[in-house]
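Trainee: Spelled out from the first residue to the last, the chains are:
Protein chains: 2
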Amino acid sequence: MPHKGFTLWFTGLSGAGKSTLANRLAQEFRQREYKVELLDGDEVRTHLSKGLGFSKEDRDTNVRRIGYVARLLSRNGVIAITAAISPYRDTRNEVRREHREFVEVYAEAPIEKLAERDVKGLYKKALAGEVKNFSGISDPYEPPLNAEVVVQTDRESVDESLDRILTYLEEKGFIDAEAPVAAGGY
Amino acid sequence: MPHKGFTLWFTGLSGAGKSTLANRLAQEFRQREYKVELLDGDEVRTHLSKGLGFSKEDRDTNVRRIGYVARLLSRNGVIAITAAISPYRDTRNEVRREHREFVEVYAEAPIEKLAERDVKGLYKKALAGEVKNFSGISDPYEPPLNAEVVVQTDRESVDESLDRILTYLEEKGFIDAEAPVAAGGY
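Chains as they are written, first to last, in my numbering: chain A, 298 to 483; chain B, 298 to 483.
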């Protein structure tokens, strides 16, 4: 068995690198021929949560649905990777409790830096009051207190963050350590 | 490999036996230690479709969501069994097109018999006009034209219907034929 099923749950502010890391990990796992599904933004909004907005209630519904699907997948041996902001601690913990194997990864970066970088131009709008319910500005973001992995995406490169996540998963036996390339086989 | 992933999609009127058959099959597969998930009524309504009603649009959304989750599961080697009425042919076929392995089972029974038996008392209410959007009475039910299996639940026993479904799955290579019990091993 190269891996067991588990859910890798990213949380973090907009622009903190959740989707980038989630996509790179999914790619890495596919290369290793692991079973993996990525439940990210558009896909989830289209298939599970069309019509939901960004109120606390709607966000919680969205997070619970993603959690439900991730749970079905992970208990059947799939690596389910999610990348929703999932700003509310209690709701994330509720999803965690329903899982057997759950790894929370907090993509942490100071909001000042994210606002400065502002890849999608959303922080500018949020700070100008043009976007309502923006996590961390006009809406709460509750960081995890006991995430299995914290990656500091303002200070680490993507590769460094990836390495730290993979190392955690290997050390805890979620995935096999990559076999070192043998010099001459045997 | 004892089985490959596929979706077993029941369709049929209320009371036609979809849930009964779906539950029995899930039980049978679990006994064979297959990976199986049952996406049925309450579970789905709670986790995926809370707030949806019974208009065409809402039913279609419900069916598409179930289809999405079934697809994720089945393409990862799980047997996903669904048991929603799923009354609209086009929507079922849309779900089918998104699948690699899809087996539609039509639980067929004349509406007169279902109304007569009326296990949940719903037909009486629907015929009295007290239930709106009741498939087959105040709302359409479009039977499949090319279902892989048709079980005639008013004329067959549950065991007979089960046998026919299992035989189809074995013949088409979705599951292994049950090994006959050896008299003395070898």
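Be aware that one or more of the hints could be misleading.
Copies of one chain are not kept apart here, so a pair can be met inside one copy or by any two copies together.
Simulated crosslink set (SDA-like; lysine to any residue; CA at most 20 Å straight-line) [what the hints assert, rightly or not]: (1) Lys422 x Glu445; (2) Lys347 x Glu395; (3) Lys332 x His300; (4) Lys429 x Glu409.
Note that these hints are calculated values from the structure, not bench results.
Trainee: Work down the list of hints and note, for each, if the structure agrees.
Mentor: These are the hints, each one checked on the structure:
Taking CA atoms no more than 20 Å apart as the test, lysine 422 paired with glutamate 445 passes in neither setting, with 33 Å inside one copy and 53 Å between copies. For a Cα distance limit of 20 Å, the shortest separation of lysine 347 from glutamate 395 across copies, 18 Å, qualifies, whereas the shortest one inside one copy, 24 Å, does not. In this assembly of identical chains, lysine 332 and histidine 300 lie within 20 Å of each other by CA distance both inside one copy and across copies; the values are 9 Å within and 16 Å between. In this homomeric assembly, lysine 429 and glutamate 409 come within 20 Å of each other (Cα to Cα) only inside a single copy, at 18 Å, whereas the closest approach across copies is 54 Å.
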